[in-house]
Amino acid sequence: MNAVPNDSLKALTRRHFFSRCALNVGGIALASLLGGKTNAATANPMALKKPMFAPRAKNVIYLFMAGAPSQLELFDYKPKLIELNGQPIPPSFIEGKRFAFMGSSHGTKLLGTRRKFKQYGSSGAWVSEMFPHTAGIVDDITIVRSCAASLFNHAPAKLFMNTGSGQFGRPSIGAWVTYGIGCESQDLPGFVVLQSGPRGPRGGAVNWGSGFLPTTYQGVPLRGNGEPILNLTTPGGITAARQRQTIDAIRDLNLQRAVETGDPEINTRIAACEMAYRMQSSAPELIDLSGETKATLDLYGVEKDQPSFARNCLLARRLIERGVRFVQLYHTNWDSHGGPGENLQNDFDKVCRDVDQAQAALIKDLKSRGLLDDTLVIWGGEFGRTPMGENRETSGRNHHIDAFTMWFAGGGVKRGAVIGQTDELGFNAIEDRMHIHDIHATVLHLLGVDHTRLTFRFQGRDFRLTDVHGEVMSRLFA
Amino acid sequence: MKLPVVRLLFLCLPSAAAGAPVDYLHDVKPLFSERCSQCHGATQQKNGLRLDTTAAALKGGEHGPALKPGHSADSLLLQAVKGTHPNLSRMPYKKPALDDSQIATLAAWIDQGATAPAGEQPGSAKHWAFIPPLRPPVPALTPQPTNPIDAFILARLAQDKIQPAPEADRTTLIRRLSLDLTGLPPSPVEVDAFVRDQRPDAYAQLVDRLLASPHYGERWGRHWLDVARYADSNGYSIDAPRVIWKYRDWVIDALNRDLPFDRFTIEQLAGDLLPAASMDQKIATGFHRNTQINQEGGIDKEQFRIESIIDRVNTTGTAFLGLTIGCCQCHDHKFDPLTQKDYYGLFAFFNNAEEPELPLATPKDLAAAAEGEKKAAAFIASLPAKDPSVWDRMLTWERGMNPTQRQALPQAVREAFDVGFEKRTDAQKQEELEAFVEHAPENKAHKAALKKLRASAPKIPSTMVMEERGKPRRNYLFIKGDFTRDGGPVTPATPAVLHPFKTKERANRLDLAEWLVEPTNPLLARVTVNRIWQQYFGRGLVETENDFGTQGTPPSHPELLDWLATEFITQRWSLKAMHRLIVTSATYRQSSRARPELDIIDPNNKLLARQSRLRLDAEIVRDVALSASGLLNPKIGGPSVYPPIPEGVMSLGQVKREWKVSEGEDRYRRGMYTFFFRATPPPSLSVFDAPDAFSTCTRRLRSNTPLQSLALLNDPQFYDFARSFALKILREGPASDPDKLTFAFRRCLAREPKPAEKETLQKTLTQQLALNEPVKNIPAGIDPNVFSAWLTVARILLNLDETITRE
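The listed protein sequences correspond, in order, to chains A and B.
Quick note on numbering: the numbering used here labels position 433 of the first sequence as 433, and the sequence is numbered without any gaps.
Quick note on numbering: the numbering used here labels position 90 of the second sequence as 568, and the sequence is numbered without any gaps.
You may find that some hints are simply not true.
[Unchecked claim] Subject to a maximum C-alpha distance of 27 Å in a straight line, what follows is the list of computed DSS-like cross-link-like pairs (lysine-lysine):
id, chain 1, residue 1, chain 2, residue 2
1, B, 901, A, 97
2, B, 1113, B, 1138
3, A, 294, A, 364
4, A, 97, B, 1113
5, B, 572, A, 49
6, B, 937, B, 853
7, B, 604, B, 560
8, B, 982, B, 949
9, B, 560, A, 50
10, A, 50, B, 573
11, B, 572, A, 50
12, A, 350, A, 294
13, A, 49, B, 937
14, A, 350, B, 1134
15, B, 779, A, 97
[To be verified] Examples of chain A residues toward chain B, derived with CB under 8 Å:
id, residue
16, 154
17, 168
18, 230
19, 261
20, 272
21, 273
Just so you know, the hints here were simulated from the structure itself, not pulled from any lab data.
Where a beta carbon is used, it is the ideal one built from N, C-alpha and C, also for glycine.
Whenever a hint applies, use it, and build me the whole structure from the sequences.
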């Protein structure tokens, strides 16, 4: 049947490799399979791609505070608000605005914070007593108090913070980044997600989805319990030798088919299968913290074998060390409306304690290991909280999109700066307003990617993370 | 062979080929259309310039003629794209510059005289897809192929002097055809029968048999369910389960009885509005109930009602018209002659529906159920009198709940929580009281009494449907797509650029549906046959299957597309007739082997000088493994099922949903029946690119990732399949090991193994038999090492690229 000699089919297969992609170290194993020739490259979608210009950051650790922390209890100190506590908000602030829980009665009276604030570091940043450890790293971070969002319900807002749109179906920022510049790790996925807190973030997997980009780019959740990646464990008592022989046979048979059919997709599958096998050992190695010193574990506050935000921060560092491009941590629950489990009193104390020590430890640890220069750390929720109080059983604050605080560290960001101002009640950003689209543009810029040129054609038009918006906020840059 | 090579070289090395004549239609006009016409075309003429015809370019704009034929260096156009003109910005304005080869092409064209074919029409002339297809003549060839599709394909191949590929062997053909028409692989018995079938019409007989199989409706129904964004949950963050599988079953059944596509369209869009609408026709309107429902606390309900209508408009545009009409939600379309007014005209058709659940029962059952509910309501209402502390206890219960417990309660109850007790309506209080009785353990006695009252009433299944509303809502244009900004009234209307709509008082969804299926609609038939084509060849004749507008790719075979579209209408919109036509063509039956000699001329196989290897869809990956292992439960339809999924998957969502694993044969149903939560989709489906069901999907991606390998290798379900497969080989396979290997191989791949393949398998089997480290749970009566070794063989075969590929 076959009119073409096998040799030329092999050659064809190789030509497909060369024509389709850049060099990929993982392809070397494959090269030996294809007759010992070197320089083989596969159509690896995670292959490193050249940045558009010199990057300031190589990796990202994004600490996503799910539910939206109150900036007024943490970073945005407003004496005037404390003074006017209990007064109705002046109508000029809220005219024509739509809010979450619009139909309900609560939430038109101002609520001054009860938390004590002090200034820290050479930047003189205000930080409340809730974040004593974070107060100790203010000279390593840039606090932006003038962030702004567009949507005021959690799920769409979280989606917006991740994908630049409240509509489902768009790729998340981690997917865009790995699509844009690839990933250095041959043994782990390019985009990894870690979760902690009492529940999953609203919206679930779409927050780290790949949207219309190939699924290769979607975030892979590392699980808190059991095996860290789905289907990582060889089932049913199959031994390592048995598994290796299985994979060798699959490879050999696939290779014979690749030669027979000349289809380069088979070679991609062979490479994928090899990576899967490597992940079976690399992922357990990743989560095995036995090699970490007691000092390191104590720095983060990791308790042995306990899933926690602290453990995830440490895992984030280990992921970055192993060449993973984008690590996203979700921690819940910051949704401080004032109801049970969600009040600004004890519940807020708890969630602050959950993160404070570990996030400060992450910055210190990255810095001491020389990783902070290349790693951009992002901290923030999907929006902020109102200067008005919500009084349910206990007090809380409603969702607020006009001003909230995020902080950034490492990866080309100023060390020790405060950017942006809100008005005297903390309602509107009045200086250096930084909308989510601007944040996205800035993050991509730090990674050496022009947000206007990172596009993907879908349903008849070129989509980008920032849609038709986004300005790079160079004031953040060191 | 020679010509295309020359052209290719020219594109790559324009300077070296400056003397070669530039083809205006091929090389210049598309460049103008892609890079310039947005500002200098039919819709806009910045500075008075348009570039959609050469004549217009010669006439020029406010700065004078854009072209000086024969003198590219003196032409404004060249100076503008190079950015060398002192007063003009570099063009395209604020967009990436043309690359050097494009500029060189323009220069060469101008230097050669800037000629264009006579009678060139400006861009206002309708885009091809907006003109109804005229049936083109079938190309005359010697010998004349019997199937007209082949005549079109061969005629195009002949232009480049390419021969088609030989027909695939019979084993490949039956596997291809079975997977394409039913999504199930052929059994070895079926393969043998077909290979031996000497009748001249053996292939046609096979096609007829498979088209008559009820699994045909499942296979092609699933393709449509992608378009319909079907899933079993409400989406957004709460993602509560919903009951709408009756719609899924309606689709399967409609395709199996070959309901003509025009009726198929009408019943889904407006079945409820048909005279004396049947239950089935109402169920069909579930099509547009597959939108998400936001049940999060604190939302503005009107906002999300509107979101779902926006999705209905966008989906209608994509599914039936192949247009990116969604672009017009906020502004007039940037490229296509579609306006924001058109958008809200379509919006108005959908804005007048209620969104009820249709009980599927006889009036008698309904009455009995209503009676039971009435009794239950009376019981709840009477509780405070009988049990005076109940309100206080209820409020204590309410206060004590954590957010996760609250999320699990019905939406009406959660809404009640958001209002102070005094302000709650009586209905809200009743709802909450009922939830309190149902959920708080302290109310055992009340709960039992309530249960008893309901026990006598029949359980009525329901499905989500559309229903026209008596009093119409006001329709208005949303400024910048924002429903809070009223841009003035609109009435139901269809896009002006398409065939006329018979305007009447209070036009409704049925009028829209009837307008869509009019034979003068230039898009419906083309878009539909193109999507069918895409499933068989991996790519549509129009590659941008969801964009037939000006920014879409032009058809690779425009005459064939139009011939198929007109044939579809001639065949009275019979889908089965179109399937039969395509799969009986020689084009479809070609071998899928790569053809290195065509690598340069046609690297992406657009000319179809061969078939393509296509990775199977997510559900079919599962179905093939189930078939090979003999576990498949071929039951069609019914409520979605819960096969085992990895632990922890359901906790990834905001609300942890229950996943009670199905027992018995329901564990082994086809992949399309797995319960699909939008927020936490089954991992073994998503990893193979099953669509997320958030919006319409007209083409699945085919990714190829390590997570897929992990799923096939280690997923407990696939391991379960492999164990059953191993048992089947040992219990039902032939006596000798080599024969057993062939037996197993054919169950996965239909064909016989080649000697080298068999050698690889035999070598591995021998190695494995020598491993004295048996797996767990050895079935009774089988040597542990033997079972373990054959389990490996089973896993190898189920993991092969070819097993999950249609060749």
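Right, here's what the structure says about each hint:
no. : hint                 : in the structure
1   : 901(B) with 97(A)    : holds, 24 Å
2   : 1113(B) with 1138(B) : holds, 20 Å
3   : 294(A) with 364(A)   : holds, 16 Å
4   : 97(A) with 1113(B)   : violated, 54 Å
5   : 572(B) with 49(A)    : holds, 25 Å
6   : 937(B) with 853(B)   : holds, 15 Å
7   : 604(B) with 560(B)   : violated, 31 Å
8   : 982(B) with 949(B)   : holds, 17 Å
9   : 560(B) with 50(A)    : holds, 26 Å
10  : 50(A) with 573(B)    : holds, 21 Å
11  : 572(B) with 50(A)    : holds, 23 Å
12  : 350(A) with 294(A)   : holds, 24 Å
13  : 49(A) with 937(B)    : violated, 58 Å
14  : 350(A) with 1134(B)  : holds, 23 Å
15  : 779(B) with 97(A)    : holds, 16 Å
16  : 154                  : holds, 6 Å
17  : 168                  : holds, 3 Å
18  : 230                  : holds, 5 Å
19  : 261                  : holds, 6 Å
20  : 272                  : holds, 5 Å
21  : 273                  : holds, 4 Å
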